[in-house]
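**Q** Residues per chain are reported as follows:
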Amino acid sequence: MRTLLSFLAGALLLCAAAQAADLPAPSGDVVLVVTGNIDNTNNGDSAEFDMEMLESLDGLSKTLETPWTDETTAFSGPKLRAVLEKVGARGSKLIVKALNDYSAEVPMEDAEIYDTMLATKMNGEHMSVRNKGPVFLIYPFDTNPELFNEKYFSRSVWQIREVEVVE
Amino acid sequence: MKNQLEIGGKAVEQAARATKFVLAVQIFLVCTVLAIFSMLVKREGELHDAIREDAIWAVYQLDRETRAVFEMVQRISHRIADAGVEAAEVAVAPRDLVTRYDILYSRLTVLANSKYNVFFEQSPNFRSRLAGIEDKILAIEPVFNDIAAQKNYAGVEFSPVAATLEEIRIATNEFLVRTNATISEARADARNDVFQGQMLAFLFMFAIVVAALFLAFHMLLQVRIVKQTREGMTRAAAEFEKAYEAAEAGNKAKSAFLATIGHEIRTPLNGILGMAELLAQKPLPAEESGYVRTITRSGRALLEMINEILDYAKIEYGSQQSEEIIFRLDDLVRDTAAVVEGQVLEQNNDLKLHIDPALDGAFIKSDPTRLKRILLNLLSNAVKFTENGSVWLEVTAGNVTDETLELNVSVRDSGIGIASDAQKQLFTAFHQVDSSISRRFGGTGLGLAICKQIVEAMQGTIGVSSTPGEGATFSFTVPVQRAKAPACIPGAPEEDAALSGPIPRLRVLLVEDNAINQRVAAKLLEKLGQDVTIACDGRQAIKQVRNAAFDLVLMDVQMPDLDGIAATRLIRKLGAPFERLAIVAMTANASDQDRQDCLDAGMNGFESKPVTFQRFAAILRAHGPSHLSADDVTGPAITASGASAACDPETSAEPDAFLPRANVVHLAGDETGEARRAELLEELGEEVFQSLLNEFFEHADTLVPQITMAAAEGDAETYDRLLHALKGASDNLGFTALTRTAEALRTSIDTSNQETRLTVELEKAKNRYRKIAI
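Protein chains in written order, with my numbering: chain D, 94 to 260; chain F, 899 to 1672.
In short, the hints are calculated from the structure, not lab data. Be careful, since some hints might not be right.
[Claimed, not checked] Result set (DSSO-like, lysine-lysine): computed pairs, CA atoms no more than 27 Å apart in a straight line:
1) F:Lys1350 <-> F:Lys1250
2) D:Lys172 <-> D:Lys155
3) D:Lys190 <-> F:Lys1049
4) D:Lys214 <-> F:Lys1049
5) F:Lys1425 <-> F:Lys1441
6) F:Lys1150 <-> F:Lys1350
[Claimed, not checked] A few chain D positions that, by computed beta-carbon distances, are all more than 12 Å from chain F:
7) Gly152
8) Ala191
9) Glu198
10) Met220
11) Glu243
[Unchecked claim] Residues on chain F that point at chain D, a partial pick, calculated with CB under 10 Å:
12) Ile949
13) Glu951
14) Arg962
15) Val996
16) Thr997
17) Arg998
18) Tyr999
19) Leu1002
20) Arg1005
21) Gly1148
22) Glu1354
No residue lacks a Cβ here, since even glycine has one placed at the ideal position from N, Cα and C.
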């Protein structure tokens, strides 16, 4: 089932990749770099995004509880899925890397099955590096309570610098 | 054996109690373990564990980031010292340095998260340490803010920053070590808690296992005890059964022995008695006459005893079957009373009869033979033990419902009476009040035991009350079924089609061994317009049936050589046309068993003797061809006017085609006898009737001495056959008293002088005939 889903998702991503063949170069500060097995690039082998590019993608807003915040917090930003579609990612997992060299392996399904979000705003404001910015991978703990455990906490990388797509 | 069973039972009870106790303990243990487990599962410590782990990670990250910034700053410092600011900016981009600081800064905010409070506030040291680190990091913030703003290292003093970072590094390192130690401790404590809980759970689990083993052991024990007890019970049952079988076998053997011996004794005894009677008729000297009388008296007493023993043996052996027959109760009572009449006169007694008006003329369904037996026994006892006194026979009905009633019979006498302590044993077999009784009055003491057995077999009770010297009262109560009176009302209109309407002309074979009966039946049938052929016994009947075609066979059942039942069986075997030949039994025996025997043999109908004119008509109608043409119809249309004694049953259309009235036993009184004679007179005419009577009396005159001879010779078979012949003929001609006497002699209830009694009755009949003739 899972294999089938992956296959279908992969096919979908391919289609999307064909549609969004050209990726413009970022005009502002680069906040996210996608590398690895991707079709669309705008800087050598990688696809770079500035804040504006990220926020133009299919996104969502959620207000939820996280282990890293004292109270319910509003997050907003593009869906992880939208970003991967944009770059025509093909692979089974992602390696999400943080500024401080922390990294976590995220299976592709997490992007396909769940509405995972690459949050760019916390409580309506862009996040500075001091405040877990610029990009924070947020799992939908509110709609999928079963995700609220250490397994997904460790995948919820903040201060994201790069996402590498691995076969 | 009983003791053993009791012990077994107690053991089972004890084991059951122990099992219950162990079960209760088991349940308690299981509940406790469940509670412990739920505590372990719900343990809040786990959450704390997670937070602790997070906290140490956060502290570690803080230390790591501090080191990263410190190293970067040191590199920059060295580069500036070695090659100047520009070179340092190339080696480490100002932007990277700022980002690194920002990351360190972000670690502070993570640690400041309130969820760690639970952990850090356990020790005030942590808070103050963290506060110190925070102050120092914030202290160097302006430097990095400047670098971020100017995007180069120009004019930046790195040495104080490096010194502060060095301090922070030492502090975070210590913080990390402390945190780790504390967390290890907490982890150990938590593990200890869990361990203790687990140990407790294991302990209880162990207790459960022990209890379960104990329970299993107990169960096994119980199973063994139950098995032992069951084996004991089986053994006991087998022993009881064996004992019972032995007792039963002994009893049966005893009864069989008595029956055999009784028969063996009776035959020579009849010889002795017969010879003694013949001797008594010879002129003998007074002394010898006395001897003969003594022989006769003693012989009779012996015969009576043997008869009683035989009866008792028969009842005990279970060979006596009961019947359910509809009969007139008052007839039975009067008939029985008539039997002891002679004895009553001999003892100079007075017999008074009282029958409940409700029972006078009532019909009941019960076993008349047995009832008569009890009644006769009680009456003859009463008469025997009373001299110059009175005997009262009272019959009343109690508990009358629509279908049943209780028959209460009491026989009271003014005789010698019975002492109260002897009364209890009266109904026990072979018991008499005292041994002198048998010497004075004779008897085996079996009579009342037989009565008791019969009454109990009929679901009744029997008892006695007596005052010595003033007489005794024996009374018994038996439940009987009420029966609808078969409408014996002369002149009642006949509704049954079989009893009215045209009579078909049939070819009738009359099978009858008795000459008188032959003539009576033949005359009546001829009067009804039938072609009658006569066969004298079963063999002739078969021969006749094969030679000529008949529509109906009227078959006497009791015949010498080949009886009616055997003859019928043989006829049925002859082949197809004979299988459907109508055969109707005629017999004086009207019990259920007789009816069944006739049916089984393949007969189509059953008539009890004597068969009336009306009954003959009914039989002919019932068995005639269904498609009657006018030519076939003959004879007078019989209506109820001629049926003065017609007894029609309530059920006319019995499925087995047995004609009505067969179920009613004939206990006809003199009235019915007279009605019979009147019927014959009317149907046959005076001439024929008189010739019949003459023939009967001639025949009877020769029969009586033959009977006496047979009795004297002890030839029971001939004796019975002759009496049967006499009885059949006299019954046919309506000589009720003579019929009764002959029947009574046959059943050997009373074996007193046959010749005298028969002659007396015969003379009475002759007188009566003369009365009719006049």
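**Q** All the hints need checking, so say for each whether the structure fits it.
**A** Do the hints match the structure? See the list:
1. F:Lys1350 <-> F:Lys1250: holds, 24 Å
2. D:Lys172 <-> D:Lys155: holds, 11 Å
3. D:Lys190 <-> F:Lys1049: Distance ~25 Å between lysine 190 of chain D and lysine 1049 of chain F Cα, so the pair holds.
4. D:Lys214 <-> F:Lys1049: holds, 25 Å
5. F:Lys1425 <-> F:Lys1441: Judged against 27 Å, a Cα distance of about 26 Å means the pair holds.
6. F:Lys1150 <-> F:Lys1350: holds, 19 Å
7. Gly152: Nearest chain F Cβ is 23 Å from glycine 152 of chain D, so the label holds.
8. Ala191: Not fine: 9 Å to the nearest Cβ puts alanine 191 of chain D too close to chain F.
9. Glu198: Label holds. Min Cβ-Cβ 17 Å, cutoff 12 Å.
10. Met220: violated, 9 Å
11. Glu243: violated, 7 Å
12. Ile949: Because about 9 Å separates isoleucine 949 of chain F from the closest Cβ in chain D, which is inside the 10 Å limit, the hint holds.
13. Glu951: The hint holds - glutamate 951 of chain F has a Cβ within 10 Å of chain D, the shortest such distance being about 8 Å.
14. Arg962: With a closest approach of 8 Å, the arginine 962 of chain F hint holds.
15. Val996: holds, 8 Å
16. Thr997: It holds, given that the least Cβ distance between threonine 997 of chain F and chain D is near 6 Å, below 10 Å.
17. Arg998: holds, 8 Å
18. Tyr999: Holds. Min distance 9 Å.
19. Leu1002: holds, 9 Å
20. Arg1005: Where the cut-off is 10 Å and the nearest Cβ of chain D is about 9 Å from arginine 1005 of chain F, the hint holds.
21. Gly1148: Violated - the Cβ of glycine 1148 of chain F stays beyond 10 Å from chain D, reaching only about 87 Å at its closest.
22. Glu1354: violated, 86 Å
The structure fails hints 8, 10, 11, 21 and 22 (numbered hints given earlier, in ascending order).
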